[in-house]
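All chains, full assembly: derive it from the sequences and hints.
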Amino acid sequence: MRFRLPKIMAVACISSLSLTAFAASIASYPADWRDWPVVGESMVPGRDVVLPEETPLFIQEAVAAYNWINDGQGTKLTTHVHPDKIEQYKTHGPYSDGITVVGVYEKPGVVFVTEHLSGKPIYGTYDVNGKDISSTHPTFEPQYCESCHNTYQDICINGTCSVPVIDLFK
Amino acid sequence: MTRFNLASRLKISHLLFYSHLLLVMWLVFTMSYNRYNSEWSTRISHAVELARAVSNPIVDLVSLSASGRNYTNIRLNNALALYASSDRLLFFTVQAQSDFSEHEYSFAWSRELGDAFRTNLTFEDRLAQQIEIEALEQRLNTAGSDDVKLNFLLNRGKELLQRIEEDMGHTKQYCPQFKRITAIDDYYLDEDNAQLLLKQDLRNVAGGEIILSFDATPLLNVKSDIQFQLLKEASLAFLFSLLLIIWATRRIVKPLKNIALQMNRDVKDIDFTGEPEIERKDELGVVVRSLDSLAKKVQLQIVELEKRSAIDSLTGLGSRFLYESVKADFVAQTRRQGKYLGFLICDLDNFKAFNDMYGHPEGDRVLRRAGLTVQSALKRDTDGAYRLGGEEFIVLLQTQSAEDIQQIAVQLCAQLEGLEIEHLGNPGHLVLTLSIGVVCAKGVDLDSNVSMDQIYELADKALYRAKDSGRNAINVVHWKNGKEVINE
Numbered sequence: 005m006r007f008r009l010p011k012i013m014a015v016a017c018i019s020s021l022s023l024t025a026f027a028a029s030i031a032s033y034p035a036d037w038r039d040w041p042v043v044g045e046s047m048v049p050g051r052d053v054v055l056p057e058e059t060p061l062f063i064q065e066a067v068a069a070y071n072w073i074n075d076g077q078g079t080k081l082t083t084h085v086h087p088d089k090i091e092q093y094k095t096h097g098p099y100s101d102g103i104t105v106v107g108v109y110e111k112p113g114v115v116f117v118t119e120h121l122s123g124k125p126i127y128g129t130y131d132v133n134g135k136d137i138s139s140t141h142p143t144f145e146p147q148y149c150e151s152c153h154n155t156y157q158d159i160c161i162n163g164t165c166s167v168p169v170i171d172l173f174k
Numbered sequence: 030m031t032r033f034n035l036a037s038r039l040k041i042s043h044l045l046f047y048s049h050l051l052l053v054m055w056l057v058f059t060m061s062y063n064r065y066n067s068e069w070s071t072r073i074s075h076a077v078e079l080a081r082a083v084s085n086p087i088v089d090l091v092s093l094s095a096s097g098r099n100y101t102n103i104r105l106n107n108a109l110a111l112y113a114s115s116d117r118l119l120f121f122t123v124q125a126q127s128d129f130s131e132h133e134y135s136f137a138w139s140r141e142l143g144d145a146f147r148t149n150l151t152f153e154d155r156l157a158q159q160i161e162i163e164a165l166e167q168r169l170n171t172a173g174s175d176d177v178k179l180n181f182l183l184n185r186g187k188e189l190l191q192r193i194e195e196d197m198g199h200t201k202q203y204c205p206q207f208k209r210i211t212a213i214d215d216y217y218l219d220e221d222n223a224q225l226l227l228k229q230d231l232r233n234v235a236g237g238e239i240i241l242s243f244d245a246t247p248l249l250n251v252k253s254d255i256q257f258q259l260l261k262e263a264s265l266a267f268l269f270s271l272l273l274i275i276w277a278t279r280r281i282v283k284p285l286k287n288i289a290l291q292m293n294r295d296v297k298d299i300d301f302t303g304e305p306e307i308e309r310k311d312e313l314g315v316v317v318r319s320l321d322s323l324a325k326k327v328q329l330q331i332v333e334l335e336k337r338s339a340i341d342s343l344t345g346l347g348s349r350f351l352y353e354s355v356k357a358d359f360v361a362q363t364r365r366q367g368k369y370l371g372f373l374i375c376d377l378d379n380f381k382a383f384n385d386m387y388g389h390p391e392g393d394r395v396l397r398r399a400g401l402t403v404q405s406a407l408k409r410d411t412d413g414a415y416r417l418g419g420e421e422f423i424v425l426l427q428t429q430s431a432e433d434i435q436q437i438a439v440q441l442c443a444q445l446e447g448l449e450i451e452h453l454g455n456p457g458h459l460v461l462t463l464s465i466g467v468v469c470a471k472g473v474d475l476d477s478n479v480s481m482d483q484i485y486e487l488a489d490k491a492l493y494r495a496k497d498s499g500r501n502a503i504n505v506v507h508w509k510n511g512k513e514v515i516n517e
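So the protein sequences, as listed, match chains A and B. All letters in the first sequence, in the order written, are residues 5 to 174 by the working numbering. All letters in the second sequence, in the order written, are residues 30 to 517 by the working numbering.
Honestly, I wouldn't trust all of these hints.
Claimed, not checked - For lysine-lysine, the following DSBU-like pairs were computed, each having C-alpha atoms within a straight-line distance of at most 30 Å: (1) B:Lys286 x B:Lys297; (2) A:Lys94 x A:Lys111; (3) B:Lys496 x B:Lys471; (4) B:Lys408 x B:Lys509; (5) B:Lys310 x B:Lys326; (6) B:Lys325 x B:Lys297; (7) B:Lys178 x A:Lys94; (8) B:Lys381 x B:Lys490; (9) B:Lys490 x B:Lys356; (10) B:Lys490 x B:Lys471; (11) B:Lys496 x B:Lys356; (12) B:Lys178 x A:Lys111; (13) A:Lys135 x B:Lys178; (14) A:Lys89 x B:Lys187; (15) A:Lys89 x B:Lys178.
Stated by the list, open to error - Some chain A residues judged to face chain B by a derived CB distance under 10 Å, without partners named: (16) Ile126; (17) Cys152; (18) Tyr156; (19) Asp158.
Since the hints were derived computationally from the structure, they do not count as laboratory data. Note that CB positions come from ideal geometry on N, CA and C, so glycine has one too.
The structure is reproduced here in structure tokens:
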């Protein structure tokens with residue numbers, strides 16, 4: 005065993021700190037994401053939008069989490085998949101190591117990165133220039149991303165969402 | 030055929046008492062029972078509504094989590110704070126279906142533990158996590174540029190494994206108490222364990238349910254309070270009713286008993302004067318007053334009847350009936366007092382001829398005067414004069430000597446003759462005269478075998494002798510040592 009208990013505790017402490025004041029992206033920033041194929045375009049609705057009652061609860065929560073973006077006016081969301089992982093994305097995994105997918109909020113320019121390592125997803129949040137902005141908002145923290153993606157196990161299979169986009173977002 | 034009729038065997042007091050007692054008991058019982066049910070069901074409804082209100086935010090959270098099989102949300106600090114916010118929520122268990130797969134979603138929360146835990150984890154889940162950790166560790170040992178990311182994943186994996194083991198332990202420790210929760214429709218009050226179980230449907234698409242257990246101790250305390258309060262009120266009502274019944278029964282039955290006691294007396298002795306019932310304004314008062322009036326009427330009629338039967342209506346002397354009733358006592362009384370008994374049979378001379386000559390109305394008037402004359406001769410309380418019929422009178426005397434008797438007899442004859450009532454049919458006298466047969470007997474000579482009838486016979490014979498001697502005469506017989514001694 006490589007890690008002994010004190011080291012695990014130290015990592016846990018660092019992780020805990022990163023959750024509060026020093027959150028940092030785990031996944032790496034892919035500089036060439038603009039060249040990747042776009043697999044989906046939709047909208048993040050503004051905070052004034054009333055969702056239909058039948059909207060899945062997960063989406064309701066996701067919308068509630070991010071409708072503050074762009075001063076609450078909503079924005080366009082574009083999804084790019086790494087060219088080597090198009091087929092894996094279609095089946096929602098299993099994923100090989102490396103960055104898998106990025107989701108980009110057009111305004112104010114936020115790049116959500118999903119990377120896989122040993123089949124497990126890790127997350128990061130950057131601006132369009134590659135600057136780590138995960139500590140600028142609670143919903144940008146990788147743990148927050150994980151709490152949504154990883155814990156809604158039947159929606160985000162292997163860390164990428166499988167829920168079809170509702171008409172409102174198209 | 031003998032029929033057992035309870036009602037006919039009971040006294041009115043018992044019938045009134047027991048019937049009203051049963052009625053009161055029934056009323057008190059049914060009213061208390063209905064009130065208890067109403068009160069208790071209201072309290073339960075209130076407790077259920079309260080529990081439902083408490084559980085609604087939990088249902089919202091759990092429904093959202095069940096929708097995407099999210100076990101993270103339900104363990105966040107704010108979620109645990111939400112569960113613990115109601116002091117009475119002891120634990121709950123969730124059983125649901127994911128909206129996006131066939132996977133089951135289940136977890137539980139316990140106040141005692143202060144945490145939520147998955148309840149559907151298996152040894153296979155733990156084994157899979159262990160294998161995953163081993164794989165990450167193996168890869169980390171090979172060293173590379175992804176150490177930070179691998180360490181992140183390894184720590185997360187270990188945390189997950191630890192969580193799985195803890196959850197499995199908690200399931201083993203706390204699930205037995207969940208097994209007590211059987212299928213319930215809406216809610217169930219488990220009084221044995223002082224728990225109120227509430228079932229709520231989840232709001233996710235695939236559905237599910239959450240069963241929450243609340244501490245029902247306060248509710249059961251309220252139940253005890255209600256029971257005690259109702260018991261107290263019922264006891265008071267029963268006691269008051271009992272006193273009322275006893276009072277009413279006595280008020281009705283006591284007068285009836287008094288009436289019965291009065292009516293059992295001799296008619297002459299019936300007297301309701303002074304009885305409190307006679308002043309009553311109710312029906313019993315009317316009955317008592319009516320009975321009193323009736324008794325008084327009957328008493329007056331009896332007095333009148335007695336008077337009429339004891340007194341000869343024509344002469345005012347004692348009647349034959351009275352003579353018959355007093356004769357035996359008169360002999361005995363004379364014997365006891367040691368006085369002389371005087372028995373005088375007086376007969377108006379030739380009175381039939383008087384009636385024939387002067388008519389019966391005149392005859393009746395003469396009889397009345399003769400009666401008054403005989404009556405005037407009586408000086409002592411013990412003396413008595415009786416009209417046996419027609420013109421025949423009997424005089425009973427108690428004197429100190431035989432001479433007194435003879436003097437009275439002489440006086441009687443003289444007084445009647447002194448009236449100088451014309452009687453032309455009375456030869457030799459031409460006025461109304463009287464013949465008397467007299468028996469004188471000393472008390473000591475009248476043994477118990479001597480009857481008045483024997484004396485009467487002697488006196489009657491003496492009367493005939495007086496008549497035979499020319500009328501307006503007295504014939505005296507002395508009774509001595511059981512023998513008669515005739516003395517003109």
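Looking back at the hints listed earlier, which ones does the structure fail to meet? none
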